[in-house]
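Enquirer: Read off the chains here:
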Amino acid sequence: MYKQIKTHLFVLLIFSLWASNSHSEINVFACEPEWASLVQNLGGSKVNVFSATTALQDPHHIQARPSLIAKARRADLLICTGAELETGWLPLLLRKSGNGKILPGQPGHFMSADHVTLLEKPKLLDRSQGDVHADGNPHIHLDPNRIMLIAEALASTLSRIDPDNQSYYQKNWTSFKDTWSKAITKWEQHSQSLRGKKIVVNHNSWVYLENWLSLERVATLEPKPGIAPSSAHLAQVLAELKDNQADMILYATYQNDKAVRWLAHKTHIPVVALDFSVSSDETLFQWYERILNQLLDSK
Amino acid sequence: MRKKFIVAATIAAISNINPVWADSDIEALRKQVEALKKDYEQRINALENRLQQSEENAQLAQQKVEQIVDKVENTKSTSSAGQSNFNPAVSVILDGRYADFDNDPDAYELPGFMLGNEAGLGEDGFSIGHTEIAFSANIDDKFYGKATLAIHDHEGETETDLEEAYIQTLGLGNGLTVKAGRFYSAIGYLNEQHEHTWDFADAPLIYRGLFGNQLRDDGLQITYVAPTDLFMQVGSELFRGDRFPGGGDHDGVGAWTVFANIGGDIGIEHSWQLGFNHWRENDVNGRTSGGHSHGGAATETPSFSGDSKISSLDLVYKWAPNGNPTSQNFKFQFEYFDRREDGNITMLNSGPPEEVSTYDGQQDGWYAQAVYQFKPHWRTGIRYDRLSSNNKGSDDDVLAEAGLDDEGHTPERYSAMLEWLPSEYSRIRLQFNRDDSYEDADNQIFLQYTHSLGSHGAHQF
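Protein chains in written order, with the numbering used here: chain A, 6 to 304; chain B, 1221 to 1681.
Don't read these hints as lab results, they were simulated from the structure.
Please note that the accuracy of each hint is not assured.
[Stated by the list, open to error] With a straight-line Cα cutoff of 16 Å, these simulated EDC-like cross-link-like pairs (lysine to aspartate or glutamate) come out:
#	chain 1	residue 1	chain 2	residue 2
1	B	1366	B	1412
2	A	126	A	89
3	A	76	B	1438
4	A	106	A	81
5	B	1595	A	89
6	A	76	B	1361
7	A	106	B	1361
8	A	229	B	1449
In this text, all values refer to a predicted model and were calculated from it rather than measured experimentally.
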């Protein structure tokens, strides 16, 4: 009798677990909006995506707020940039959330930087060099070719986490691959006139964009990564620009624009303020289009 | 193009074999041929140039590929040689200060409260504050571990203290986390945070009065985070209970706590957290505090035995424009504590006979502080502290000697500070206190640096 009830309960439990699983979406915790957008592209209606940051926030400096712990607690998949970009807050979220599914080594722990090569891997790790990342420059989302590699890896991760919908994810990946490659070709054609343009940047966060569009960085306003521009350093930059005139000054909208405005005022070089990631009302495609158009318009 | 060439060639041929044509016609034809020749030479040159350029481009592309291959090789070699990644993260906190007190810091007291050993003001003049050496790492896929050594001067001698040493589960699942070892209790908001992350150079008066600055003990902690959009966390701790503000020698669970926190965001710019906490030790056995000596006689030290319970409430609110705290941000925090105690106070080394009084203690206090980062690298803040007590006993003289009489005074303190943070890893702070802790109001000035070396763990909300 007891045994029967036990079996009964067991079957009921399994059934309820299965039922709840098959109807629920995959909860995705994305550290930055670009990954939220990418996972939405590949996961479609099967994923429920939350982005921990917006394009107007500095992904280096986010606080492990209670709301983020609550979201991380329920996540089935964590997607972040990695390469130490989130080192100031992500480890704490992982420790506090008590969620085994998104820990390093689990399929639900997806670090985009693990799937591509990084530029500017520092030879010398010393804090006097500023806020350097040991693995290399982490701002990989500004290279569409790297996005492609990451998307492929992400599609297989989704299939691993949710094998029932494997064909759905594969289908989405194929269509993404097609649209994205066409978009890359189009963008590369449209941006021919940007090649070789000389740019001044605020923070060294555009290296992948520079590489992709063959932009030439002639100066950086921060003397060291993460260290605010000093007046001495700015004066030096100004002197250098006298001999080597730049075409534009680039900065991310989440960054302080004081030094940028000062330099623009002194040199009359046009300023381009770019959102560093996807806004809440657009897709990854639209964001790429938007920043390219801004660059093209500024010439 | 080809057609033109054929026509031109034919014309040229004709001109050669037809000498009967007029000179002027030949001249015109010759000119045409010359022009055509020039045109073709130019075109050929252009083609050659383009060919050369594409060869160069191909070479460039080849170079790029080689560079990328190099980079891949580099990544490979370092990730395999990355042994140091397995070493624990090491960090050192350097803290030093110059302090100026109007009153003698050794004469400090907090009427109505028995002060623990570490609750003093510190030294007048230059001194080294709280130097911390911390090691932490994920031990394996199941556990995280951390040990912190604190080095500080106490009465002229350098003391090393094992401040924290604990292990913590990783991803136990279902929102559960277990911690074991020596750690700061999760009760209160500030208590769990290390001194170097505080916004002021000294602890709030209520922390000084109840815990001797901070409450930590040896034991076990369990927390649970609910699977809700609103952050909801409940937890409990079981402690040995021998450390201040507990006391005695317990072979089981001497003290325990329960706590609950809720929190969330309002829009994108505001976030908050609210906490309720309770600490209890039913068998405090001989909790001593700093004694007074009377004219060369042996030091009389007050000692409390009985039961003790603390309840508290904390509220934190933070704001940052666009939720981006890098340039500007604001933080408000408020904490209230209430302690009830029931037992006896004994003056050790008094008498004979030893002076004893029954004790029925009621102490409470709160502080509120606001800190504003008004531009990158600069923060300023204000704080207000207030305590009160209503302690009763069979022998008022004993209570007075133990420092438990409030002397008709309400301890309070006003503080203001200005900080310069050249980077995430360094901070210079100037702080001023108007300290009305006891009847002689004191003006206190601190100039403090707090710098961190090595890896620097993430800070809590």
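Enquirer: So, for every hint listed, does it hold in this structure?
Expert: To see whether the hints hold, each was checked on the structure:
1. Using a Cα cut-off of 16 Å, the hinted pair residue 1366/B and residue 1412/B holds, with the two alpha carbons roughly 14 Å apart.
2. Between residue 126/A and residue 89/A the alpha-carbon distance is near 12 Å, which keeps this suggested pair within the 16 Å criterion.
3. The suggested pairing of residue 76/A with residue 1438/B is violated, with an alpha-carbon distance near 31 Å, which exceeds 16 Å.
4. For the proposed pair residue 106/A and residue 81/A, the alpha carbon gap of about 6 Å is at most 16 Å, so the pair holds.
5. Of the supplied pair hints, the one linking residue 1595/B and residue 89/A is violated, its CA atoms being roughly 26 Å apart against a limit of 16 Å.
6. Under the criterion of a C-alpha separation no larger than 16 Å, the hint pairing residue 76/A with residue 1361/B is inconsistent with the structure, at around 21 Å.
7. Between residue 106/A and residue 1361/B the alpha-carbon distance is near 12 Å, which keeps this suggested pair within the 16 Å criterion.
8. The suggested pairing of residue 229/A with residue 1449/B is violated, with an alpha-carbon distance near 39 Å, which exceeds 16 Å.
Hint violations for this structure: numbers 3, 5, 6, 8, all remaining hints satisfied.
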